[in-house]
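Asks: The lines below spell out each chain.
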Amino acid sequence: MSSSNHSRKNVVKLMFGLTVIIIIVRLFTLQLVSSKYKTLADDQGTFRKVVYPDRGLIYDRKGRAILQNTIIYDLMVVPSKIKGTDTMALCNILGIDTAEFRKRIITAIIKNRSYRPSVFEPLLSDEKMAKLNENLYRFAPGYYLQERPVRDYPYDAGGNILGYLSEVDTNFLKKHENEGYVSGDYAGKTGLELSYEKVLMGQRGIEYLKRDNKNRITGKLENGLYDTAAISGQNLYTSLDIELQSFGEELMENKVGAIVAIDPQTGGILAMVSSPTYKPRLLTGSERKKHYVELLLDPRIPFLNRTIGAYYAPGSTFKTLQGLLGLHERVIDAKTTFSCNGAFYGCGKPMRCLDPGVWALQGAITHSCNTYFAHVMQRVINNPKYENIDSSLNAWARYMNAFGLGVKLGVDLPFEKAGRIPTAATYNKIYGKGRWNFCTFRSVSIGQGEVESTPLQVANEMAYLANKGWYIAPHVVDSIDGGDKFGLLEPYKIKHTAVDIADSLFEAIHDGMQGVMESGTGRRAKVPGIVVCGKTGTVENSYKGVKQKDHAFFSAFAPRHNPRIAIAVICENAGFGASSAAPIASLMIEKYLKDSIEGKERKERAEQIKKMNLMPPRLVSAMRTHDSLMHKRDSAYLIAKGYIKIAKDTTGIAEEDDSDALDNFKKTEKENKNKENRTDSLPTSAILPGAMRPLSDTSKPRTNR
Amino acid sequence: MSNQPVIAKGVDWLTVWLYALLVIIGLISIFSAEYKTGDDFFQQLLGFEKNYSKQVMYFGICLVIAVFILLSDSKVFPATANLLYVVGVVLMIATFLIGKEVKGSKSWIPLGFMNLQPVETAKIFTSLALAKYLSLPDLDLKQPRSQAIAAGIAFLPIVFSVLQNETGLALVYFAFLLPMYREGLPSVYLISGASLAGLLIVTLLLPTNTLMLVLTVLAALIILFMRKSFKRNSKSLLMIVLFWGASMLFVGMVVPFMFKSVFQKHQADRIFSLVGKDNPFISADTAVMDTKKPVRKKPVENYNVKQSKIAIGSGGLTGKGFLKGTQTQGDFVPEQHTDFIFTAVGENFGFVGSTLVVLLYAALLFRIIFLAERQRSTFSRAYAYCVAGILFFHVLVNIGMTIGLAPVIGITLPLMSYGGSSLLTFTILIFILLKLDSDRQMVIR
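Residue numbers (the numbering used here), protein chains in the order written: chain E, 1 to 705; chain D, 706 to 1150.
Isolated chain E, as found in the complex (with noise of 0.2 angstroms):
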């Protein structure tokens, strides 16, 4: 009977059989066509972790750290673990009640789960941290501390040079697409943060971390076979004396204005101070947040690095290049002279001068005689040479431009600004071609008018002068640790010698300038036993059509022979050169050049005029309007949209996620929106370099020293 069935073994053998290839079949497309499963399991088997290298330090000249890295500590919470643990005293030590605490520990299990941990509290002030450290012992295994590097500035200046960091926004990740950045990186957003990037930020390691199915991580993927290490990021060191621009910094302190200080030899950058500034640690820690929406702000306009980003009229420090022009022109020389009875009459229209006389070339840098420059930028303007006054004008500027001003000078800091040397082509677009002449631009020769620079600019300007013929583009950075592997350095190994001027013409612009500082408008300036060169200068200056104080200037060089350091300060709306700028290059100087203020004198004078405050009456009430906006918060919110865009136009500063910021004010401002007018509170007087000189001022006759 059995038997008869014998054949079913078959039937049995091929169903064992199909099934056998129907599953390796299956097997086949599974773990060899589709590559699906491959990316879903290293998706959630694998975590490629970034590991950050250290970022580069910044060294002054004396080999001190003007910016360095430290550690912050974020408190962790691991939710699912926190049960049985002491909550009243975390929040007794953290200041938080304990519906604060619920709402952190809910929102910390809705972003990354209960078996994650999520940051309870970033970035603890060191008080916190010191109570927590203490007492972490009753809190673990649920919170714990995890370092965070932040950068430190030990000396906590020179924040506009130093720059800050910020989170890479949307923007930043498409403009650096293949530089391995992610969102939540930090990169350098301003100041030498920025320029340097690339070296500071060094190179990022990869390490792949297995993880298990609650997302937390358990290994290394193979051992680490995959990883590469982090590189960390190369050292700077810069020509800044930080102690030279701690004290310029406090100098300035309630004054609207700039310091410049160059090392003439090398075009290094000593001392760099744009005022009113801010403290660079306010943007490191835990309220930095706060804080840099304070600073943007602040219609003082903190963020501006107003040695390259503002640009005034030179004013009389412009005339020592014209008297230079001149000599190399061949129109006048050191002996010509011309007699100045109270104004320029050679256009109709006289043009003040107050030092009536007979000035030679030394005379009239000394004594800034407004009259004797008319005069010798006429006859550069009207010379023969030249077939018309278009080209005659294209060449002074194209004497300007090597000279280093109205173009930019590559200075290592972003956002510089070119300033403004008029050409030919400036006048024919205002009045039209042939309809102007020199009488047209007269105050151009003394540094009024089309003519506008950067203090950075004046500064370079005097390195040129006291170098007699020759400048390096000044810059921050000396060296980088480890080699300049991207060619950052190589344009500040150029001497620029753009004309070849005899040392003779400068020896004579140096006897008029030696001159400032012992008879004439510079002598408050003086440094006792130093031999400075010099000259002030009044810049006249309105504000949206209104004439407002007039801008002090003083540059100078130090010392007359073999120059160390070149310097440009000015200070806005202080009135008469002589009397705050010039003692504040003085006492720069010496404190450079002596290492220290000398004499019980000199310390008072610098005391004073730390405490001598400049602030323009505008600015005051324009703080006054801000700070009473900001307490009436539903407008504020129109008023921070309206600065944050100012601001931003203004110093260059690429976006940085303020929202957050601009959200608190926005719930504010809904809660109230009809209930007040809000027209009468909106920006009126954020105040901004590019309103100072609007352009139909330039053609008045001025007095100018």
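Just so you know, not all the hints are guaranteed correct.
Listed next, the in silico DSS-like pairs over lysine-lysine satisfying Cα-Cα at most 30 angstroms (straight line) [stated by the list, open to error]:
no., chain 1, residue 1, chain 2, residue 2
1, E, LYS9, D, LYS714
2, E, LYS417, E, LYS547
3, E, LYS220, D, LYS1029
4, E, LYS220, D, LYS759
5, E, LYS279, E, LYS600
6, E, LYS49, D, LYS759
7, D, LYS1029, E, LYS36
8, E, LYS103, E, LYS128
9, E, LYS220, D, LYS1011
10, D, LYS714, E, LYS38
Derived by calculation from the structure, the hints in this document are not laboratory data.
Owing to the predicted nature of the structure, the values given are computational and were not obtained by experimental measurement.
Model the placement of chain D on the given structure of chain E, informed by the hints.
Replies: Frame of chain E, contents of chain D only:
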């Protein structure tokens, strides 16, 4: 013959090697699913705290029992088959009284060193009893009475399994259709079983009304085309009408009834998730509860199956290497050491490794058929087919569910999955077969 018991005599060593190889691969896989870098291997092995170390212990016990079986007299198995079957049934009943609940199923009897699952071990007794019945002289499986008795013996444990919430294990007993088929059960059962399964799948895939319409149209078309032959043979018309009626009944009544009342909700869901659909047969009370939950539009693939497929699918050609599988090491696959042990092989050793394992099972199955067919006694052959059937069903469904071809019904991968009961059952099943085979010359029945 000789009084000297020689274990090795006449034993089919190929089967033994295949058995040992699969158990060892299983041990390695359990180890890889459990071991974490830095664990103290020796301490854990000796401490019997970890699953793999326990499995080593079970393997030891199994080897002792295997030797014991090989030393026994092969006559004892047919002689005690019916008695053992009764013992098995008693054990299954006893489970209701002294059973211990493990993972929602009260089907375990604690023995101290391990938990015994009578429904699992009952496979042995059922195999023996069924073989015994099938080897009765003059048995004709074409007769409904014999069919009913054979089915009764084979399917009685299903009742206990279902009552103990072990539906997956219950399904295994359908594997006994294989020896019954081999011993003369008419093919129509297998064919109608297969068409029923086919109809079931279509029922799951298509809406009931559409399917009923299609079936009716199909029947009408057949009648239309065959109307001439009906004049000669009116019986075939009746057959077609009967088939149509049965299908309609199945589609319209039986399947909904099974999914509403027989299967657990999660089981029904799993079966539907396999064909990529939501379970439409949710009974009224659960439906009310479900309305409170957000409605999911897309059927969610079973988490276990998804993780299992990810683990296997990421293995590639040669796998990630021993202890290097990220999914295995990260505990992503639930129940990996038991029902989903195949995923560890798939991830760590890739297509090569998993195919090798499948081929090892195939070799074992074919070897068992080979052994079966060389038996002189019907008892031994029928028993061998029982073993082959059970093994085949387990391997097919277990591997099938790890690669998304079969519903997740929670049955082990024979010899490889962690678990004393399962390993012990298959060891005993295989070694009784080996004992019977080694004595095939002397036992003539």
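Asks: Decide, hint by hint, whether the structure agrees.
Replies: Do the hints match the structure? See the list:
1. A threshold of 30 angstroms between alpha carbons decides the hint, and for LYS9/E with LYS714/D the separation of about 27 angstroms falls inside it, so the pair holds.
2. With a CA separation close to 24 angstroms, the supplied pair LYS417/E and LYS547/E stays within the 30 angstroms bound.
3. Of the supplied pair hints, the one linking LYS220/E and LYS1029/D holds, its CA atoms being roughly 11 angstroms apart against a limit of 30 angstroms.
4. Restraint check for LYS220/E and LYS759/D: satisfied, since their Cα atoms lie roughly 28 angstroms apart, inside the 30 angstroms limit.
5. Taking the CA atoms of LYS279/E and LYS600/E, the gap is about 29 angstroms. The hint holds against a cut of 30 angstroms.
6. Taking the CA atoms of LYS49/E and LYS759/D, the gap is about 37 angstroms. The hint is violated against a cut of 30 angstroms.
7. Among the hinted pairs, LYS1029/D with LYS36/E is consistent with the structure: their alpha-carbon atoms are about 19 angstroms apart, no more than 30 angstroms.
8. Between LYS103/E and LYS128/E the CA atoms are separated by roughly 20 angstroms; this keeps the pair inside 30 angstroms, and the hint holds.
9. Proximity of LYS220/E to LYS1011/D is assessed by CA-CA distance (about 25 angstroms); at most 30 angstroms being required, the pair is judged to hold.
10. For the suggested pair LYS714/D and LYS38/E, the alpha carbons sit about 49 angstroms apart, so the restraint of at most 30 angstroms is broken.
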